[in-house]
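K.L.:
The lines below spell out each chain.
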Amino acid sequence: MIRELHNKLINKEISAKELAEQYLDKIKESDLNAFITTTQEDALADAQNVDSQIAQGHELPILAGIPASIKDVIQTAGVRTTAGSKILDNYIAPYNATLVQRLKDAGLVLLGKNNCDEFAMGGSNENSAYGPVKNPHNKECVPGGSSGGSAASVADGLVVYSIGTDTGGSVRQPAALCGIVGFKPTYGAISRYGLIAMASSLDQAGILAKSVEDVKIVFDAIKGRDKMDSTSLNIPDSKFQIPDSNLKGIKIGVPKEYFIKGIDPEIESAVKDTIKQAEEAGAKIVEVSLPHTKYALAVYYIIMPAEVSANLARYDGIRYGQSEPAKNLFKTYTQTRAQHLGDEVKRRIMLGTYTLSAGYYDAYYKKAQQVRTLIKQDFEKVFKEADLLITPTTPNPAWKIGEKIDDPLTMYLEDIFTVPVNVASLPAMSIPAGKTKNGLPIGAQLIGPWNSEENLFTVGEILEKEINF
Amino acid sequence: MLSKSDVEHIAKLARLELSSEDKEKYQAQLDKVLDYVDQLKEVKTNGVATADGGTRDLHNIWRHDNNQGTINNKQGKELVNMAPDKENQQIKVKSVF
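Here the protein sequences come in this chain order: G and B. Just so we're aligned, residue 1 is where the first sequence starts under the numbering used here, counting upward by one. Just so we're aligned, residue 470 is where the second sequence starts under the numbering used here, counting upward by one.
Mixed in with the good hints, there may be bad ones.
[As the list claims (entries may be wrong)] The calculated DSS-like cross-link candidates involving lysine-lysine, where the alpha carbons are at most 30 Å apart (straight line), are:
id : chain 1 : residue 1 : chain 2 : residue 2
1  : G       : LYS86     : B       : LYS513
2  : B       : LYS563    : G       : LYS376
3  : B       : LYS481    : G       : LYS294
4  : G       : LYS261    : B       : LYS513
5  : G       : LYS210    : G       : LYS28
It should be emphasised that the hints constitute simulated quantities derived from the structure, not laboratory data.
Work the whole structure out from these sequences, hints included.
P.N.:
Here you go:
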């Protein structure tokens, strides 16, 4: 879609301003609550700037003038950035995240900041302080989360692509529930500078779009080493040769631990169909085992809240955001945080504070980091037998808004297939794999070894043609 | 099992003021999650190294601790302007002790 629009722009079939206006009109008419802030004036000014470059005959970057949105946990200079939280309701980002700056250098036309779960904590977008987002396939259902606004706006054609973040599945899970492509690269492939931190050893920016090619184009514009993020790295080019656009010679692993009791039968059969299509396209299918994968969610719910409790200590009512004046400093902290942080955020801060507190560190955090090593080793072994893995992205399709909100653990279990990837720092992508009888989208997840994003794109594009999504 | 006083102690460490309803709710919910993560006890981890974050194959890069020029004066002013309470380009804080 990006390439098509780019060609229309350079052939002057449409102007960037007209394109921006078309999409802004759709956003105005939309009732999905997918945006916290829209940036119409800036968008039109940026689009006009692209138009004048075209008029002057400059060579145009492929992303120039393409209407996009960014999840509201990513800093955009001069634009309100709330992270979906009341505590940052009045916060104007003073600088751009590196990925935003790279997109701006490529001619970004930003239409707005997407709604999301507060500080990216949630799998349904119901934890946003700005109200839930609706799933465009069924407005009574959640779009998934935490990048729910991003997924809903791409799926409903309000933007061409959106940048989200994925700490335990927050790009891939909403992409699956909204029927689009959601990609999380290897940890470090996209700079985290300017991402509002949730769990720093797991956080990674990701891309939501309607096709694998669109995801790849955006990834190429934002990836790579950044001196502002010491954990960022350059992704090497692919060494993986796929001749004649088929999957001959490719070994695809199917981990048996991902087809467990409790998974929705329609999802199981749709993902098995995807595996069959891969086989018909020439791939060799091998059953593999990741024995420690069943512990990944428990590891995640120790490491993530621990890092959350440290990262969110900064919201103290002193330096930025909302503040509740109180009689002393301690009360300023406790009352500011009590009044302006949401339920799920407090729950995770409490959990992390407990597991890191004196006497519990070895039993929880240290133990979790050891099991994390075992999970990584499982993947290392499996990638000697298979080039990549196919699994379901989620155990269930989108559920009704409100259905799981009172039971945090049930909600956490929805992340069971996406979390191991973050725990092991791997790249993965959710692609559409059909729909349920009730018309709700299903996602299949491709997981590759570290730094294998090019292979994921290649295989993803071939499957895309086979499945015809 | 977490006791009510455990919950109060955690809330104090986390700098969160909780209502008595909140305390009861969190006590039950945190118990449920802690019960779930307890399954890690069945994994043998003797002699297993701890993972040290998300990175692989990275090493320390040292530099002199000097101004890298990443935040300019204008941005510096904007940062201070974000503070709820300020005076003469300085952030005001209640006394710590």
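K.L.:
Hint by hint, say whether it matches the structure.
P.N.:
How the hints compare with the structure:
no.: 1; hint: LYS86(G) to LYS513(B); in the structure: violated, 43 Å
no.: 2; hint: LYS563(B) to LYS376(G); in the structure: violated, 46 Å
no.: 3; hint: LYS481(B) to LYS294(G); in the structure: violated, 34 Å
no.: 4; hint: LYS261(G) to LYS513(B); in the structure: holds, 25 Å
no.: 5; hint: LYS210(G) to LYS28(G); in the structure: holds, 21 Å
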